[in-house]
Every structure is written in C-alpha cells, then in structure tokens.
Amino acid sequence: MTITLSHLLILSGILFTIGLVGAVTRKNIIMILLSLEILLNAANLAFVAFSRALGDIHGQMMVFFVMIVAAAEVTVGLAIAVVLVRQGGTINADEIRGMKG
Amino acid sequence: MIGALAWVTLLSPLAASLVILFGTWKSRMMSGRVAVGGMGLSFLSALITLTHFIGGKAGDIESTLSWVSLPGLSLEFGLHLDSLEVLMTLVVTGVGLLIFIYSMGYMSGEPGFSRYFAYLSLFAFSMLGIVLANNFVTLFMFWELVGASSYLLIGYWYDRPRAADAGKKAFLVNRIADFGFLIGILMLWTLSGLGGESRTLNFLELEGRIRLLTANGALSPTNLSLIGLLIFCGVMGKSAQFPLHVWLPDAMEGPTPVSALIHAATMVAAGVYMLCRVFFLFAGLPHVLDWIAWIGAFTSIFAASLALVENDIKRILAYSTLSQLGYMVMALGLGGYTAGMYHLSTHAFFKALLFMGAGCVIHGLHTNDIREMGGLFRAMPVTSKTFLVGMLALCGIFPFSGFWSKDEILTLAFTYSPILWTIGTATAGMTAFYMGRLWTVAFLGEPRSHKHHAQSAETPGAASFSRSHEAPATMTGPLVVLALLSVFGGLGLPGFIGHVEGSRHLEFNWIVAVSSSLAAIAGLTLAYGLYQRKWQSAPGLLAVTQKIRIVLARKYFIDEIYAWINQNVQQRLAVLLGLFERYVIIGLWANGIAKTTGLCGNVVRRSQSGKVQAYALTFLAGLALLIYLAAGWQCIR
Chain A
111 MTITLSHLLI LSGILFTIGL VGAVTRKNII MILLSLEILL NAANLAFVAF SRALGDIHGQ
171 MMVFFVMIVA AAEVTVGLAI AVVLVRQGGT INADEIRGMK G
Chain B
2 MIGALAWVTL LSPLAASLVI LFGTWKSRMM SGRVAVGGMG LSFLSALITL THFIGGKAGD
62 IESTLSWVSL PGLSLEFGLH LDSLEVLMTL VVTGVGLLIF IYSMGYMSGE PGFSRYFAYL
122 SLFAFSMLGI VLANNFVTLF MFWELVGASS YLLIGYWYDR PRAADAGKKA FLVNRIADFG
182 FLIGILMLWT LSGLGGESRT LNFLELEGRI RLLTANGALS PTNLSLIGLL IFCGVMGKSA
242 QFPLHVWLPD AMEGPTPVSA LIHAATMVAA GVYMLCRVFF LFAGLPHVLD WIAWIGAFTS
302 IFAASLALVE NDIKRILAYS TLSQLGYMVM ALGLGGYTAG MYHLSTHAFF KALLFMGAGC
362 VIHGLHTNDI REMGGLFRAM PVTSKTFLVG MLALCGIFPF SGFWSKDEIL TLAFTYSPIL
422 WTIGTATAGM TAFYMGRLWT VAFLGEPRSH KHHAQSAETP GAASFSRSHE APATMTGPLV
482 VLALLSVFGG LGLPGFIGHV EGSRHLEFNW IVAVSSSLAA IAGLTLAYGL YQRKWQSAPG
542 LLAVTQKIRI VLARKYFIDE IYAWINQNVQ QRLAVLLGLF ERYVIIGLWA NGIAKTTGLC
602 GNVVRRSQSG KVQAYALTFL AGLALLIYLA AGWQCIR
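Residue numbers (the working numbering), protein chains in the order written: chain A, 111 to 211; chain B, 2 to 638.
To be clear, the hints were calculated from the coordinates, so they are not data collected in a lab. If you're wondering where the values come from, they're calculated on a predicted model, not measured in any experiment. Misleading hints may appear alongside valid ones.
Sample of chain A residues at the chain B side, in silico, Cβ under 8 Å [said to hold, decoys possible]:
1. L130
2. V134
3. R196
4. G199
5. A203
6. D204
7. R207
8. G208
9. M209
C-beta atoms are modelled at their ideal positions from N, C-alpha and C, and glycine is treated no differently.
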C-alpha cells in the first residue's frame, strides 16, 4: 500500500482535531500552548503533502515561515505563563480573570 | 481708478484700527493720531471721488472681489459708487473726521484712550462698508459689524453697570430687527431666481430683475410686500423706529463723541440710507410705503413728546434724533427719496454739532442734568454760539439748512397726506419747544450748580461752575466747522442726490414753509416764556400738566411694558422650554441614547467571560460557519 495524498491529509486532519480539542478543553496554559503547536504542525503537514502532490516548492517554503512564527509564539506564550505564575500564582486558564469585560 | 479710491476710503480706518491694536496700543497720543490720520485719508479719497461725480453723472462704478464661488451660489464682496454713495461717504468721513479730532480733546483724560480709538476706527470702517456695499450680503456683514462696534462703544465704560446694560440692550434690540432683515434678504435671494436666471443679491442686478419679474407676473406683489416689510424691519432696528426705539436713549451711556458720531449722525441714519439704496424694491408697493410713512410719523411725534420733560441733555438730543429719524423715514414712505437723503445729511451736521456742544458742556461741568447748568452763555461763548446755530437748524428756522430739508419733507406730506403733514408740523413745534427749553435752562439765566457748594465741597461736580470754562481748541474747532455746515451744508444737495424711479419731488410751497416756521417760532417763544419768564410757576398750569408730565417722564411706560412682557410671557415660555429641554431633549434624546447604549453594552459584556478558551471556541464556531457558507456558495454556483 502506497502512501497517497489522502493518507497524509487524513493524518493532518487527525492531528488538527487533537490540537483543537486540546486547546479548547485543557485548562493548563502549558498544555494549551502545546496543543497550539500540534495545530500548527498539522497545518505544516498538509502544506508539505500538497507540495509533494503538486510538485510545487512553495508549500515547503511556507512551512519554514510557520515554524518561525510558531517559535516566536511559544516564546511569547511561555513568557506570559511565567508572568501569570508570578502575579497570580496560577496557570489555570479558568482562574485568569484579567480579561473579563 | 475711482474703484481703487473707494477701497482706500473703506480700508484706511480698518488699517488705523489694526495699527492701534498691534502697534501703538501703549502710546496714547500716537493712537489718536493714527486714528485721525486713517479717517483723514478716508475723507481725502472721498473728496477726490466727489470730483469725478460733480458736473455730469459719472454713472455707476462697481469694483468687486469674488468671495464664494460654488455651483449655484456665487457671492461677491463688492463696492459700488454713485452719487448717493458719494454723498453718504462724504457725510460719514467728514463728520467722522471732525468727531475724531474732537475726541482727541474730549477723551484726553481717559485710561482707555487707545482702545477708544481702535473701536471708533473699526466703527468708521464698518459704516463705510454699509455705505459702499454693492450687494445685500456685504451690506449685511457690515450692518452686523456696525452693531458690534456700537455695542463696544456704548459699553466703553464697561465698569459702569448702566453702560454695560445699555450696550446689551442695544445689541439685543438690533438682533431682533436684524433677524427679520436676514429673512427678508434670504427671501429676496430665493425669489430672485424665479425667472430661471442665477440668483443674485447685487443691487444693480436686483433692480432690473425685480422690474422684470413683477412685469411678467412671476413675482407676486404679496411676496414683494413681505420682503419689503422684512427689510424695513432691519431699518426699524438700526434707525430706532417705534417700537424698537428703546435702545437709542439708553445708548447715551457711551462717551459723548460716540453719541454724536454713531447714535446721531451716521449709524442710526444707516437704516434710512439703506431704504434709499434699495428704494427700487419699494417703488411699486404703495401699501408698504404707507406703512413706512406712518411708522416714521408716529416715531417722530412720539419721541418729540418724550423730549419735552427730559432733563438729561444727552437724552433730550437722543429723543430729538429719534424724532428726526422718524421724519426721514416718513419722507421715504411718502416717496421722498431726495427729501429723506437731504434731511439725513443736514441732520448729520447739526445733530453732531449739538452733541459735541453738549459734550463740551459735560466736559466742563461734569453733569448731564440741564437743571444744574445755567448761565453758560458767558462762560463758554464758542460752545454756546455754535450750539445756538445747531439748535436753530434743528428747529427749522430760516435760513438754516434744517429749514430747507424739513420743508421738503413737509411739502411732500402736505401734498399727499394732510394728516401726516399735521403730525409733522406739530412735531416741528414740539422740537422747537424742547430745544428752546434746553437752551434757555442750560445756557441762559444764573449758574445754578453753585448750590452744590453747601452740600459737599469734595465731589467733582461741586466746584463745577467755577471751573466751567471754554473747551480746548481741538474741541471747539470741529464745532465751528460743523456750525458753518449747519448753515450752508444743504446748498445744492437735492440736485446732487438726483432722483430714482418712483421717487417724488415737489417745488417750494409757501403755506408749508410759513406754517412750519410759525410752529417753530411758537415753540421757541413758549419755551422762553415758560422757563425764562417763569410762566411755568403759575399754579394752575402745574396742576394741569402734572399727570401728562408723569406719563412722559416714564416714557409712556414702554420700558415697563417690555419688562412685563419679558417677565410674564418670555420668562414663562422660557420655563416651559426649559422643562422640555430637561425632560425631552436631555432625558429622552441625549441621555436616552446613552442609556440604550449602556444597556446593550451590559447585555453584550456577558459574552466577554475573560476565558481564553471560550473565545477560542467561538472562534471555531465562526470558522465552521464561514466554511459552511463558503461551501454553500460553491454549491449554488
């Protein structure tokens, strides 16, 4: 059995769903950040899959951009988590009320 | 060339005012000189302009700048010259120059000397603007500017509550009148486009346009009459015709030269002048003209009766101004374009003279009350003699200028409306009586102010008589010039003014001349007898006139009636409107909108839980919706 575009896209979809559910349901900010990474990498996988299927290098180029953005996002996200711990002593997303309208 | 001169005439007082404001503010003498210089330049250019108009008509000269130019709306800022404007420019700048010089002497002790001259120059600029304007927009701008500078000058001594109040009163009364005037102008503007041409407010264009539109029936006489009445409303304010006359006597709280220039010679005549300027509007409206004539006649006799018992020298002159303005308005109402303008010019000369004479007396004695004067003839010979000339001119005694101009008006009235002629002649008699009374009490007899010596030696008025001496030459000089003008100033004027379509002019009439002279002489004799020969101390006379004198002294209770209306009608309306504002405008409208917004905010803020993951979920739902819609769109295509 050869690995076709469909297989890769299904895998990407599974990964995206896992990430999405994780990001919405987990209460720990660290876990939310990890889920976001899974989301991004699911998208990356889809990019690479299409790139290979269509023989177009642009999809792979886009992956590098996403990786760089993901690195920056994690840096900022972790920094925010550290500050939250110092100020409120918690990284539980439900207990953070600073953004309530 | 002449167009440029008109601009010089108009702008030099403004330049003087600006120079004083930004340059010579600190230096009193320089400010005065700059103002006199500006006015002198203006007068000079007016004189040069005159040479072009003497001998043969030079026609209409216009010089315009485009001001607003939009599709369907083009306004210009323009000047216009013909013999009417040249005459009025000469009166304004000539009398103005004399009064500027006089002010140098009269105001010499004042701390606000520079301010005074800045205001006065501003006034001269605005007044010349009214005179030279070639369209209603420019005229109205200057009309308001004159009102503003008049307000500033009446309230010149702003630390005196009475002066500040008088300024406000003048401004408000004029606002009421100008409101009507503005509506009239706007109506004229709208209706001038009836024939399909572009709308206009230019006097020359309007003249032809109105004639055309009335001829082909596009402009109904009703509409034109309404416009005429509304424009006359503006005249009633500026020229202080009944019932909007109340501001003028109070305006006497300003410095005397201001009263002479603004509230006697020029500004109050602006209304009459404007009627002449737009006489073409009224030429075909006999009913409106009748109305104007009656208002004028009523004002003239009404004001003259008020002057009979007044004791304040300036207020007597103010009522006399009202009365003479009534004459002019009556003349125009009778179609006497030439007569009205003629009387305006001569009146400017002798009334400015009288006010400046009164100024000299007040300057010397520090009192306005004629009962505290007396015996001034010996102390102030020049003032007394020139004042006598002005008085005789005002009373219309042959051969002073006032005789000729008043005679023209009365002849018109005699021919077209005997009732108005009777009123006019009676007014002439009353004029002679109150001026005779003023002259007899103030200038003849024994000095009476020494009675103050016993009461208080420290007050400024105490030693007034001993200090009453002739005023300095800067003050008496202009008096002499004006006295000459009051005698000879009217010669040849009617011919120069000329005629316009619809105006009337009549030849000399012996019956009118003799009857008005007799009325004047009777008035003077009666005054002399009553106040010099002491007829008035006859007990019967006192009792009979007691009630009349009370009514007159209270000015027919007009101020009280206005105050009552103000309190009972206007105030109650204001309370009602106040409630409306509080509950409807503020409560429902302004606060209502705010409250609705707040309420919506309170509902919507519940969705802002502050939980990031809830946002993420919403975000997801939105995305799903978008994808669904996009897919649906694809299917439809």
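Hint by hint, here is what the structure shows:
{"no.": "1", "hint": "L130", "result": "holds, 7 Å"}
{"no.": "2", "hint": "V134", "result": "holds, 5 Å"}
{"no.": "3", "hint": "R196", "result": "violated, 19 Å"}
{"no.": "4", "hint": "G199", "result": "violated, 17 Å"}
{"no.": "5", "hint": "A203", "result": "holds, 6 Å"}
{"no.": "6", "hint": "D204", "result": "holds, 6 Å"}
{"no.": "7", "hint": "R207", "result": "holds, 5 Å"}
{"no.": "8", "hint": "G208", "result": "holds, 7 Å"}
{"no.": "9", "hint": "M209", "result": "holds, 4 Å"}
The earlier numbered hints that this structure contradicts are 3, 4.
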